[in-house]
Amino acid sequence: MMLKHSLKYLLAFALTACGWHKSLDQAELSALYTQPLSPPDKPLRVFHIGHSLVNKDIPMMLEQLAGAGHDHRSQLGWGASLRSHWEPDVPVNGFEVENAHPRFQDARQAVDSGQFDVLILTEAVEIKDSIKHHDSPEYIRQWARAARKANPKTRVYLYELWHELNDPKGWLERLDEDLSLYWEGVLLARGLAHGDTGGPVYVIPAGQVMARLVREVEARGGVDRLRSREDLFYISDEGKRDMIHLSALGNYLVALTHYAVLYHRPPPAEPQTIRLVDGTLLPAISPELARLMSEVIWSVVTSYPKTGVAQRGS
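In the working numbering, the protein residues as written are 1 to 314.
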């Protein structure tokens, strides 16, 4: 018996040393999401871990969309990996700048407190590099385990991102390919493979929402002030387009997606008055664009079981 145990240990060690990782296959992963979550019956306390693609506006927009009682805290950085937020000896770039606001809370202390209903995990992109250099699946596993150890009812989400607008493979092509290849096929399949996270890690499919909305808008030749994919991205006062950071409109689209997933409700289908962190208001959008954004988000969320939201026809 001792020999058998030792051989199993040595085999596992050898496989790990040569790059093998325990992983769920597609069917095993999908089976974790057959039962949707129940809609929350109260406002949520949400903790965001991430970087500039979370920024401070998206959590504040979400709070305004959700209404009275919703509350959030965050720990952010510049291009920060989940590993850097977890490991005390790995620096979080831009920590002092990004967390100089009243909603900051130390991430490890926040998660260990068990006081949050929702934990949203945001990995650094390029996602291939995070997998290679920062062991993304292991840190998804570690954060989920810690959250549910402190509070078994915690809902843990992975925020699906995008990549640079000028990606040589094609921006839409990468969004189509990366969901199953990396976000599911590596981050979730490996992160959940050990069966010790207290339940699935659900997905906020922001990249998929962006892809579907862009296809719809560009096919129509534009809707209101959203004429093309570029309009979802920030443009400087000098007129230079940022290739990965979002405009106020892009942030709003992502905040609406968070709202739909977390609260299991279609996002508002009419224009909203939303105040940004800098004190200005979200530029007005037309009723047509507001309705289209709501329809696209709800269609994506209710046709993707990994959101944890009841699916259409179920």
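Derived by calculation from the structure, the hints in this document are not laboratory data. Note that this is a predicted model, so its numbers are computed, not measured. Yeah, the Cβ is synthetic: ideal placement off N, Cα and C, and Gly gets one too. Please note: incorrect hints may appear among the correct ones.
[Claimed, not checked] Simulated restraints on C-beta separations:
1) GLY114 - LEU276: 23 to 33 angstroms
2) ILE235 - LEU281: 36 to 46 angstroms
3) GLU87 - GLY239: 34 to 44 angstroms
4) PRO102 - ALA27: 29 to 39 angstroms
[Said to hold, decoys possible] Once the Cα atoms are required to be at most 30 angstroms apart in a straight line, the calculated DSS-like pairs of lysine-lysine come out as:
5) LYS56 - LYS42
6) LYS42 - LYS240
7) LYS240 - LYS128
8) LYS153 - LYS42
9) LYS132 - LYS42
10) LYS56 - LYS132
11) LYS132 - LYS149
12) LYS240 - LYS153
13) LYS240 - LYS56
14) LYS169 - LYS132
15) LYS128 - LYS42
16) LYS42 - LYS169
17) LYS240 - LYS169
18) LYS56 - LYS128
19) LYS149 - LYS240
20) LYS153 - LYS56
21) LYS128 - LYS169
Results of checking the hints against the structure:
Taken as a hint, the range 23 to 33 angstroms holds for the pair GLY114 and LEU276, whose Cβ atoms sit roughly 31 angstroms apart. For ILE235 and LEU281, the Cβ-Cβ distance of about 18 angstroms falls outside the hinted range of 36 to 46 angstroms, so the restraint is violated. Checked against the hint of 34 to 44 angstroms, the pair GLU87 and GLY239 passes, with Cβ atoms roughly 40 angstroms apart. In this structure the hint that PRO102 and ALA27 lie 29 to 39 angstroms apart at CB is violated, the actual value being about 45 angstroms.
Taken as a hint, the LYS56 and LYS42 pair is honoured in the structure, with Cα atoms around 23 angstroms apart against an allowance of 30 angstroms. Proximity of LYS42 to LYS240 is assessed by CA-CA distance (about 42 angstroms); at most 30 angstroms being required, the pair is judged violated. At roughly 27 angstroms between alpha-carbon atoms, LYS240 and LYS128 fall within 30 angstroms of each other, so this suggested pair holds. Straight-line distance between C-alpha atoms of LYS153 and LYS42 comes to about 14 angstroms, which keeps the hinted pair within the 30 angstroms bound.
Taking the CA atoms of LYS132 and LYS42, the gap is about 39 angstroms. The hint is violated against a cut of 30 angstroms. A distance of roughly 28 angstroms separates the Cα atoms of LYS56 and LYS132; the hinted pair therefore holds under the 30 angstroms criterion. Among the hinted pairs, LYS132 with LYS149 is consistent with the structure: their alpha-carbon atoms are about 27 angstroms apart, no more than 30 angstroms. A distance of roughly 44 angstroms separates the Cα atoms of LYS240 and LYS153; the hinted pair therefore is violated under the 30 angstroms criterion.
Under the criterion of a C-alpha separation no larger than 30 angstroms, the hint pairing LYS240 with LYS56 is consistent with the structure, at around 22 angstroms. A hinted pair counts as satisfied when its Cα atoms are at most 30 angstroms apart, and LYS169 with LYS132 qualifies at roughly 19 angstroms. With a C-alpha separation of about 37 angstroms, the suggested pair LYS128 and LYS42 falls outside the 30 angstroms cut-off, and the hint is violated. Distance check on the hinted pair: LYS42 and LYS169 sit about 43 angstroms apart at the alpha-carbon level, beyond 30 angstroms; violated.
Proposed proximity of LYS240 and LYS169 is supported: the alpha carbons are some 22 angstroms apart, at most 30 angstroms. The straight-line distance between the Cα atoms of LYS56 and LYS128 is roughly 25 angstroms, inside the 30 angstroms bound, and the hint therefore holds. The hinted pair formed by LYS149 and LYS240 fails the criterion: a straight-line CA distance of about 46 angstroms is larger than 30 angstroms. Distance restraint check for LYS153 and LYS56: the Cα-Cα separation of roughly 26 angstroms lies within the 30 angstroms cut-off, and the hinted pair is therefore satisfied.
Between LYS128 and LYS169 the CA atoms are separated by roughly 14 angstroms; this keeps the pair inside 30 angstroms, and the hint holds.
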